[in-house]
Amino acid sequence: MHALEVSDLTVRFEGQELPAVASVSFTLEEGTIAVLIGPNGSGKSTVLKAILGLVPYEGTVRVFGGPVGASYPRIGYVPQRLAFDQTLPLTAREAIRLPLPRRPREEDEDSFRHVTRILGIEPILDRPLGALSGGQWKRVLLARALVTRPRLLLLDEPEAGIDVTGEETIYGFLEHLVAEERITALVCSHELELVTEYADVVLCLNRRLLGSGAPEKVLTPESLSSLFGATPALYLHHHEAHRHGAAPRGSLL
Amino acid sequence: MSAALDLPFLQRALAAGILVGLATSFLGVFVVIRRSAFFGDAVAHASLAGVALGVVTGLPPLPVAAGVGVGIGLALNRFERRSRLPIDTILGFVLPFFMGAGILILSLAPGYQPELLSYLFGSILAVGPESLAAIAAIVLVAAPLLLRYRGALVFATFDPDGARVSGIRVDRLLVLYQVLLAAVVVASIKVVGIVLVNALLVIPAATAKMVARSVRQMFLLAPILGVGCVLAGLAASYGLDLPSGPSIAVTAGLLFLAVWAYVSGRRASALKGART
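The listed protein sequences correspond, in order, to chains A and B.
For the first sequence, counting from 1, position 205 maps to 1119 in this note's numbering; every step adds exactly one.
For the second sequence, counting from 1, position 255 maps to 257 in this note's numbering; every step adds exactly one.
Because the hints were derived from the structure by calculation, they are not lab data.
Among these hints, one or two may not hold up.
[Stated by the list, open to error] If you only want the chain A side, here are some residues facing chain B, beta carbon under 8 Å, derived:
#1 L1002
#2 P1013
#3 I1035
#4 T1062
Predicted, not measured: the structure shown is a model, and the values here were computed from it.
Ideal Cβ placement from N, Cα and C applies to all residues, glycine included.
Looking at chain A on its own, in the form it has when it is part of the complex (with noise of 0.2 Å):
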């Protein structure tokens, strides 16, 4: 049974000629890490939502074999920004505990405790979110998706905002669950860096699906260039330089 088989999909907003994104197919099997590129504007926000079931869409999207909302709340999702009042005194604490049940389980708190203990937020829990740092942040957004032990995570640019440092946080963290947990991992990203070294799968999007595979194979100048429509600028990143010792690899500016 594939953890995520999309098949034909196609969302259209209102009011607009062309679609979203059109004809969208592709598989992902269980405990895999499959990252979605492509430039601002192709779609990898509204591939995930329509997965998520938060817009309509024409198609077919399966979760583990069944439709998605019976996969609620075992699919975990982290959105790249949150519009929220920073003024609300909502602590840590109280933002990862919002999906668990009214009365929690004690399985619920074991998952509490473990998540918060292995993403290094435990003494910022009762801090307000509106005090919280940008990396600091995102490990709240990660750390709420995975409280209730989501079987498939969706992350919307789990990088924007953050520093190099907080990137390989929670890149190390996705690769950790996804070899220990068997959790399947579908990621929007920019990062081509980091697509590189994590992602056993890449997806090219621009509205339509261009490619897909294992990275080696998909990531071609000619195909970023098609993709992107020139080749796209690299910067480096010192610590991947650090810590191999070799050339860096790029991310897309």
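Could you slot chain B onto chain A? The hints should help.
Chain B only, in chain A's frame:
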């Protein structure tokens, strides 16, 4: 004052005040975090049409107003989803239209309408057994529902998409919230009046927000402040022979200003300390 507590009208006033103070200020936390203060205000003003229908037809005005308020709450939810107009524009239509209709309907009733003022500015000391029963019924239905769905409502406010993915039926939940808000607002009309309804709906929760260190604390603090404002306002009204609704509203406002001054002063001192 203790002898006065033996008076049935004052006992009813206290019971109505405590019930309404608890319900409005607890619900007020959602109103403040959802930024829907104008919704409560619009429903309160629009429910004058229900009060007027009750007065003209001889039916008890508060239950009729509750029916109209809840109907308007449901209609607003539908209208908001189907219309391309923003919610504040829709409320800007609802408030004057229904309030105007209420005043027109009242003008059809023969003679002077002394009750109108009590609905506009509240008359807690004139709460009769019928009104108290209506207030109690509304609060006793609303309170367990609000307690049960408190976490889900906070989630749906903070991150509606995340709440949906967690299996919460956000649209249904928001309909429930708007219906409860409309019902509780109408229940508070006898206490503070249509014009001053936000005194209990917004001010205690906004005051609590300034000092609370978590949303949980906000939910604990707001009802305490709400009931405190009602009791203090009622005592001032009784002792100084002042109108009750405005006394409660001014008490709540003074408390808000005092807490705001304290919090601002503390923040200024902290900033000054950090610079030196």
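ask   = Under the criterion of a CB-CB separation shorter than 8 Å, is I1035 of chain A in contact with chain B as hinted?
value = violated, 16 Å
message = Let's test the interface hint: is any C-beta of chain B closer than 8 Å to that of L1002 of chain A?
response = This hint holds: L1002 of chain A lies near chain B, its Cβ roughly 6 Å from the closest one there, short of 8 Å.
task = Using Cβ atoms only, decide whether P1013 of chain A comes closer than 8 Å to chain B, and label the hint accordingly.
result = holds, 4 Å
key: chain B contact restraint for T1062 of chain A - C-beta distance below 8 Å   = Status holds, d = 7 Å.
Comparing the model with each numbered hint stated earlier shows that hint 3 is the single one that does not hold.
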